Every structure is written in structure tokens, then in C-alpha cells.
Amino acid sequence: DVKVTQSSRYLVKRTGEKVFLECVQDMDHENMFWYRQDPGLGLRLIYFSYDVKMKEKGDIPEGYSVSREKKERFSLILESASTNQTSMYLCASRRTGQPQHFGDGTRLSIL
Amino acid sequence: DQQVKQNSPSLSVQEGRISILNCDYTNSMFDYFLWYKKYPAEGPTFLISISSIKDKNEDGRFTVFLNKSAKHLSLHIVPSQPGDSAVYFCAASSFGNEKLTFGTGTRLTIIP
Numbered sequence: 001d002v003k004v005t006q007s008s009r010y011l012v013k014r015t016g017e018k019v020f021l022e023c024v025q026d027m028d029h030e031n032m033f034w035y036r037q038d039p040g041l042g043l044r045l046i047y048f049s050y051d052v053k054m055k056e057k058g059d060i061p062e063g064y065s066v067s068r069e070k071k072e073r074f075s076l077i078l079e080s081a082s083t084n085q086t087s088m089y090l091c092a093s094r095r096t097g098q099p100q101h102f103g104d105g106t107r108l109s110i111l
Numbered sequence: 112d113q114q115v116k117q118n119s120p121s122l123s124v125q126e127g128r129i130s131i132l133n134c135d136y137t138n139s140m141f142d143y144f145l146w147y148k149k150y151p152a153e154g155p156t157f158l159i160s161i162s163s164i165k166d167k168n169e170d171g172r173f174t175v176f177l178n179k180s181a182k183h184l185s186l187h188i189v190p191s192q193p194g195d196s197a198v199y200f201c202a203a204s205s206f207g208n209e210k211l212t213f214g215t216g217t218r219l220t221i222i223p
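Protein chains in written order, with the working numbering: chain A, 1 to 111; chain B, 112 to 223.
Since the hints were made in silico from the structure, they are not lab data.
Values in this document were obtained by computation on a predicted structure and should not be read as measured data.
Don't be surprised by glycine CBs; every beta carbon is placed ideally from N, CA and C.
It cannot be assumed that every hint is accurate.
Said to hold, decoys possible - Over 12 Å on every C-beta distance to chain B, these chain A residues come out as not near it, computed from the model: (1) R14; (2) E62; (3) K70; (4) K71; (5) S82.
Stated by the list, open to error - Distance ranges between label pairs, derived from CB positions: (6) N138/B to T96/A: 16 to 22 Å; (7) K210/B to K70/A: 20 to 26 Å; (8) Q125/B to K71/A: 46 to 52 Å; (9) F20/A to A181/B: 43 to 49 Å; (10) S80/A to D170/B: 26 to 32 Å; (11) K71/A to R172/B: 35 to 41 Å.
Let's have the full structure, built from the sequences with the hints guiding it.
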């Protein structure tokens, strides 16, 4: 069974802080994704990666960056957190041609 | 610009009856479609998919129908069970593209 693990279920940070969200998958998947889920907006893609050290912008990359130094780990970085980045963040991974598997999400609050 | 639309934010269905969830898309390059189910405090889980070469795919109680000319797909759940109460997202992608575009979701409530 595919396991996608997000390091925190809940996180509270302050405006201006640098925030790291970590995601690890155990199935040797090439592709990894970061989404945010907001009421009425569904899931929106922030960044994705199709290989180690490779990254592609999604639909809403502004204010975010990512890091993929190892195949199993994909980190989302909020360079300077703002209140409009309060959201549910979801990480996913997939083998090419297969459906995405999601972690349980991190609910991030920026005060 | 919402390329994948789920126009019903919520739906209530009696237990044992059929649930029909709808999804429309605008991008004619989309050729692979998926449905995900999400319980509160959990990540979405994959339910069923369909490629554009088919118009129907079935898996147990779940059937997805694709009408390419209308750019419309639907998920049928029959019979509906209380455990089906969740938010359902449809998603779409195009060949060679790893990105999925998601709809806004429909909250399905099954009434016992």
C-alpha cells in the first residue's frame, strides 16, 4: 500500500516566518505534487516535481518554493508566510501513468 | 478560469438510492478523468478513472460515464451507502501531462 506521509497535521505560524512543510513517500514514485485546498476552490496545484532536483510551477506558485533533494522527499517552503496562505496543504505522489496518492494533509494557520 | 467545474456544491440522497455526481470541463485536450473521494481530516483517495477512448467504466457500485461531445462526465453510485458520505472531486489531465486539474468538489450526504 502506498504511503504518503506529511510531517505535521496542524501547524500554526506567524506572519513573516519561513515555513517548511515536509512530505515523504515510500513507493519510489517519480512524481510528487503540492496542492492547497480552500473552500469553494477545490484543489489547486502549487508545484510539482517529476524527478530529483526537478520542479515545475503549478497554477498558484507565487509565495512558495519547493525542494526535492531525494526521490522520496518533497518539501514546500513558504518564504515569508502571509495570512492568505492559511489553508489545507496536500502532498501527493504517483508513478507515471497511475493515479495520484495523497497524504492526509497539513492544516496551516498563519496568524 | 475554472477548466473543471462541479456545479453542485452539495447533494443529499436516501440510502439505497442512486447518487449521481456531475462534472463539466472546458479544455478539449483533456483525455483522462478521475474521481476522488475525501473524508474530513483525510487526504483524497482515488475512486475510479476513465480515458477518452471509453464512454463508461464500472467498478462495483461505482460507474463513471463520459460524454466527450458535451464535455461532461458523471459518477453513479448505486446503491448509495452511509459510508459514501464524503466530498467528491473530479479531476482531468491531458496526455503526457503529469498535472491534474481538479473541480471544486461536491459534498454527498447519504440519508439513512
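(request) Taking the shortest Cβ-to-Cβ distance between S82/A and chain B, state whether it exceeds 12 Å. (result) 23 Å, holds
(request) Note whether the CB distance of S80/A and D170/B lies within 26 to 32 Å or breaks it. (result) Check failed, 45 Å falls outside 26 to 32 Å.
(request) Determine whether the Cβ-Cβ distance between K210/B and K70/A falls within the hinted range of 20 to 26 Å. (result) For K210/B and K70/A the Cβ distance comes to about 22 Å; the hint holds.
(request) Hey, is E62/A genuinely clear of chain B, shortest beta carbon separation above 12 Å? (result) 17 Å, holds
(message) Holds or violated: the 35 to 41 Å window for the beta-carbon distance between K71/A and R172/B?
(response) Taking Cβ atoms as reference, K71/A and R172/B lie about 36 Å apart, which means the hint holds.
(request) Go ahead and decide if the range 46 to 52 Å is satisfied by the Cβ distance of Q125/B to K71/A. (result) 47 Å, holds
(request) Beyond 12 Å from every chain B Cβ: check whether that's true for R14/A. (result) 24 Å, holds
(request) Could you check that no beta carbon of chain B comes within 12 Å of the beta carbon of K70/A? (result) At roughly 19 Å from the nearest Cβ of chain B, K70/A sits farther out than 12 Å, so the non-interface label holds.
(message) According to the definition I'm using, a residue is off the interface if its beta carbon is farther than 12 Å from all beta carbons of the partner; does K71/A meet that for chain B?
(response) 15 Å, holds
(message) Against the range 16 to 22 Å, how does the distance between the Cβ atoms of N138/B and T96/A compare: consistent or not?
(response) 21 Å, holds
(message) Range first: 43 to 49 Å. Now tell me if the beta carbons of F20/A and A181/B are that far apart.
(response) Hint holds: Cβ distance 44 Å, inside 43 to 49 Å.
Checked against the numbered hints listed earlier, the structure breaks hint 10 alone; every other hint is satisfied.
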